[in-house]
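Asker: This is what each chain is made of:
4 protein chains.
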Amino acid sequence: MKVIKYLEKPKLKSPILVEGLPGIGNVGRISASYLVEKLKAKKFAEFYSSDFFPSVIVNKDGIARLMKIEFYYYKGKNDIIIVVGDSQAMTPEGYYNISEGILEVAEKFDVKMIITLGGLGKEEVAKSPRIVGAVNDEKLIKKFKKYDIIFEGDILNTIVGVSGLLVGMAKIKNIDAICLLAETSGFPIVVADPIGAEALLRTLSKILEIEIDLSELTRDAKELEKKLIKTEEMQRKMLEKILGPEEEKKDLEYIG
Amino acid sequence: MKVIKYLEKPKLKSPILVEGLPGIGNVGRISASYLVEKLKAKKFAEFYSSDFFPSVIVNKDGIARLMKIEFYYYKGKNDIIIVVGDSQAMTPEGYYNISEGILEVAEKFDVKMIITLGGLGKEEVAKSPRIVGAVNDEKLIKKFKKYDIIFEGDILNTIVGVSGLLVGMAKIKNIDAICLLAETSGFPIVVADPIGAEALLRTLSKILEIEIDLSELTRDAKELEKKLIKTEEMQRKMLEKILGPEEEKKDLEYIG
Amino acid sequence: MKVIKYLEKPKLKSPILVEGLPGIGNVGRISASYLVEKLKAKKFAEFYSSDFFPSVIVNKDGIARLMKIEFYYYKGKNDIIIVVGDSQAMTPEGYYNISEGILEVAEKFDVKMIITLGGLGKEEVAKSPRIVGAVNDEKLIKKFKKYDIIFEGDILNTIVGVSGLLVGMAKIKNIDAICLLAETSGFPIVVADPIGAEALLRTLSKILEIEIDLSELTRDAKELEKKLIKTEEMQRKMLEKILGPEEEKKDLEYIG
Amino acid sequence: MKVIKYLEKPKLKSPILVEGLPGIGNVGRISASYLVEKLKAKKFAEFYSSDFFPSVIVNKDGIARLMKIEFYYYKGKNDIIIVVGDSQAMTPEGYYNISEGILEVAEKFDVKMIITLGGLGKEEVAKSPRIVGAVNDEKLIKKFKKYDIIFEGDILNTIVGVSGLLVGMAKIKNIDAICLLAETSGFPIVVADPIGAEALLRTLSKILEIEIDLSELTRDAKELEKKLIKTEEMQRKMLEKILGPEEEKKDLEYIG
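Chains as they are written, first to last, in my numbering: chain A, 466 to 721; chain B, 466 to 721; chain C, 466 to 721; chain D, 466 to 721.
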């Protein structure tokens, strides 16, 4: 099953697509969700896939829904599409399929730039985490260096999961893309990291030329944390299935 | 391989589809099978899939048959389609595929409501098990609360497997759906739980506006139990493959 | 990849298809290979599939070839198609795919009956092994009982793998089918069992109304054994991947 | 996802295709990469696939790219296509898919011969490693024996992975193919083996009728080693997933 359901077809001017799915420290997902909330972005599409975990999520009222990825839009100085979701994939091939689904929407709306968000796992907790990046075209390095993004293969040499694949696959479609990772302890993986998310959003607000009120992030992050604990546990099991136990993940440096 | 073989094409008036596949305590399967027997429902379709366990089941006379899901119908005040089967899926994607196959039949017969049945694993045996539910649309909560069904995200926050996916996927097709789970010890998984099944059928008979003689359930359940032991052992192994060992399943709360 | 390569398109009169792939004690494969040799059956097709183990087999001269299933024919009182092969499948779905490929050839040549061969694992070595069977239609029981085949669900209640699936899937195509299993110690799985194969061929020769000189079977079986050791080791690993470690296989009674 | 992206469509006269992907001792990959460098071969195509590891590789400058297989060409006495890549496949079926992708390009350019390169794992380090071969047609044995290639089933009876499958699958397309393996310690798998690569290139230069300056191989191999360490670690995990832990791989004799 692969279903992309459009609730609305907004008119957007060469929007920037920002993606944040669950991953280490949930930094990407928290950042993207916070952005949706603060920008009052509007949902326009849902993406369902048999590459997600085979379950439904039941809310506090007893309403069940499929695992999904959601697309929101915001119209401003730069039009923005924000992609948030419940789940990465259950199989290696599934990661590619989900990235393809997201790119399908990106192409439909003539996206000019893709920014993927995530955490870069470090053994020690970073008090003021740095933002590490990877782009899909050399010309982007200069463009993004002014935002104090670190580009260095020694720090980041592999990006596993949708945030990495989107950047790589966008190249084939001639779409510029950058992956932004905030340093995070990411351990244990079930803990949401609002500090990393805050650092990521500071950088993101400059790139997107928007102001984001970050004061609620810590409070919201803690609330989110409660809601996400169960889902994250599931994500963790999925990741373990694909990448092996906790130790191995460290070698891979980044999941997301 | 995906084959839906129609033995008959009955004329049904916006039927209600009731599904019960193997799962924790086999509550869903026992309930649905009992319903077929008591309503003398008639088989009209069989669904074969390469997502099932790759084996045949041999009966006492030496007749072998593929793993399958069967569709029965009953014409009454409410027309009913009952779905029973041998097996859940072998892979995460398989769960989605099997749910899609069932929905294909549901759409063909213009099903107005889907009710999926299962057990909700509890560590302690429930003497008089409660019925916990999850729906795919808010309006259904009010409709079903009168049947003493509990809707509460704290008790049920994830439903893994076909019973959950059917509810979530029905939403995309605009079909109302509810998942009804009877509390059950569900441990060990090979034991059929007639107590949970009885509780489920009491609620179901009210919803379907039919009378079901439950007196034989205990006796039948025990007979069923014998027949199912071998098959269940196989299911258990399949579930373990997908969801990991016994402990992990508890975290997921519900399999079915 | 799925390739069925025809070397010749023989004209056959409603042939009987006999299948023997690797499995417990290799009884099925040895029997079918011996039949090919003794009947001087002629190869007419090869079936390659990405469901097999991803390797080539190199012969003593350094010639490499893909894993494959081969189809031979024999014209006589009853025309016969014999199916032998290197490998079962790597995934549960793969078992179904391979069975479908064999059925595709069966239908092309208007096969009237399918006989699948295998071993039924027993803890103790059977000195004079019994032949246990399962059919896909009740009417076949009477037909085959005269050959001293035992039909009894208590002895055989599940058949895992191609030999079982072929019987079950043939039913959908309205082709009569029987699975014949010789009792075999089948432990360790790498040992070829010429005793079981001999018992199987005695029964088979009656059904097919042909005479088969069995004197060389013991000698040939031992030679085969040497050749097959490496391949069998690979099969064992494949089966373990799908069905779990050695102990579990016993519960499943039969692999093949 | 399966994308073969052509950067150029060179005119080649019945070229010879040489393939070297990661594997034991990385002998195949090092040899093919060295050949690309020394022949100043020109890249004309890239092959992306969802059968690769779901990640991007980030270079020292922060440029991320998908896992890929690259095709280079060289025009000379014999036109040559050289295939190098980051990755084997993540699943058994994936090995077949990747081999099919390579063959697709081979057929497009009317390749007359395929030479696959790899290492043959030995417990002891070979000081002057022998070259062991396997062909897909008997007539090729005589042709290649003059190059001191050893053809002997006792030494090499199974070739797992793309280097083997390409040889087997080429046969179906009527393309001559040979797999050349240099003896290598291949342990631990993360170590690049320049000695094996040198032996392989000596033989290869005779077959291809080209001169290759091997003086830099040792130096280059060591540099390559550094670059590849991280990637190889990933390959190792992938191979372990498919083939099981280290011990089992020895039984299979060759991965590549």
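Check each hint, because a few of them may be wrong.
Any copy will do: because identical chains look the same in the list, a pair fits if it lies in one copy or spans two.
As the list claims (entries may be wrong) - When the alpha-carbon atoms are kept at most 27 Å apart in a straight line, the in silico BS3-like pairs for lysine-lysine are as follows:
(1) 608 / 525
(2) 573 / 636
(3) 474 / 638
(4) 525 / 610
(5) 607 / 467
(6) 508 / 610
(7) 604 / 470
(8) 604 / 508
(9) 508 / 587
(10) 610 / 474
(11) 542 / 467
(12) 604 / 525
(13) 467 / 636
(14) 636 / 474
(15) 587 / 542
(16) 671 / 525
(17) 503 / 533
(18) 608 / 467
(19) 474 / 607
(20) 611 / 467
(21) 573 / 611
No wet-lab data here; the hints were simulated from the structure.
Please read all numbers here as calculations on a predicted model, not as lab measurements.
Asker: For every hint, state whether the structure bears it out.
Answerer: Taking the hints in turn, this is what the structure says about them:
Taking CA atoms no more than 27 Å apart as the test, residue 608 paired with residue 525 passes between copies only; the shortest distance there is 17 Å, against 45 Å inside one copy. In this assembly of identical chains, the alpha carbons of residue 573 and residue 636 lie at most 27 Å apart whether taken from the same copy (16 Å) or from different copies (25 Å). Both within a single protomer and between protomers do residue 474 and residue 638 lie at most 27 Å apart by alpha-carbon distance, with minima of 22 Å and 20 Å respectively. In the homo-oligomer, the alpha carbons of residue 525 and residue 610 lie at most 27 Å apart only across protomers (15 Å), although the nearest pairing inside one protomer, at 44 Å, exceeds that limit.
When the C-alpha separation of residue 607 and residue 467 is checked against a cutoff of 27 Å, the pair qualifies neither within a copy, at 38 Å, nor between copies, at 32 Å. In this assembly of identical chains, residue 508 and residue 610 lie within 27 Å of each other by CA distance neither inside one copy nor across copies; the values are 32 Å within and 30 Å between. Taking identical chains as interchangeable, the C-alpha atoms of residue 604 and residue 470 lie at most 27 Å apart only when they sit on different chains, with a minimum of 21 Å there against 35 Å within one chain. In this homomeric assembly, residue 604 and residue 508 come within 27 Å of each other (Cα to Cα) only across copies, at 22 Å, whereas the closest approach inside a single copy is 32 Å.
Taking identical chains as interchangeable, the C-alpha atoms of residue 508 and residue 587 are never at most 27 Å apart, the minima being 34 Å within one chain and 37 Å between chains. For the homomeric pair residue 610 and residue 474, neither the shortest alpha-carbon distance inside one copy (34 Å) nor that between copies (37 Å) is at most 27 Å. When the C-alpha separation of residue 542 and residue 467 is checked against a cutoff of 27 Å, the pair qualifies neither within a copy, at 33 Å, nor between copies, at 37 Å. For the homomeric pair residue 604 and residue 525, the shortest alpha-carbon distance between copies (15 Å) is at most 27 Å, but the shortest distance inside one copy (48 Å) is not.
Proximity of residue 467 and residue 636 under a CA criterion of 27 Å is satisfied in both settings, with 23 Å inside one chain copy and 15 Å between copies. Proximity of residue 636 and residue 474 under a CA criterion of 27 Å is satisfied in both settings, with 25 Å inside one chain copy and 20 Å between copies. Proximity of residue 587 to residue 542 under the C-alpha cut-off of 27 Å is found in neither arrangement, the shortest distances being 35 Å within a copy and 53 Å between copies. In this homomeric assembly, residue 671 and residue 525 come within 27 Å of each other (Cα to Cα) only across copies, at 25 Å, whereas the closest approach inside a single copy is 37 Å.
When the C-alpha separation of residue 503 and residue 533 is checked against a cutoff of 27 Å, the pair qualifies only within one copy, where the shortest distance is 21 Å, while the shortest distance between copies is 39 Å. Taking CA atoms no more than 27 Å apart as the test, residue 608 paired with residue 467 passes in neither setting, with 36 Å inside one copy and 31 Å between copies. Taking the shortest alpha-carbon separations for residue 474 and residue 607, neither the intra-copy value of 34 Å nor the inter-copy value of 33 Å comes in at or below 27 Å. Proximity of residue 611 to residue 467 under the C-alpha cut-off of 27 Å is found in neither arrangement, the shortest distances being 39 Å within a copy and 36 Å between copies.
With identical chains, the CA atoms of residue 573 and residue 611 are never at most 27 Å apart, being 30 Å at best within one copy and 46 Å at best between copies.
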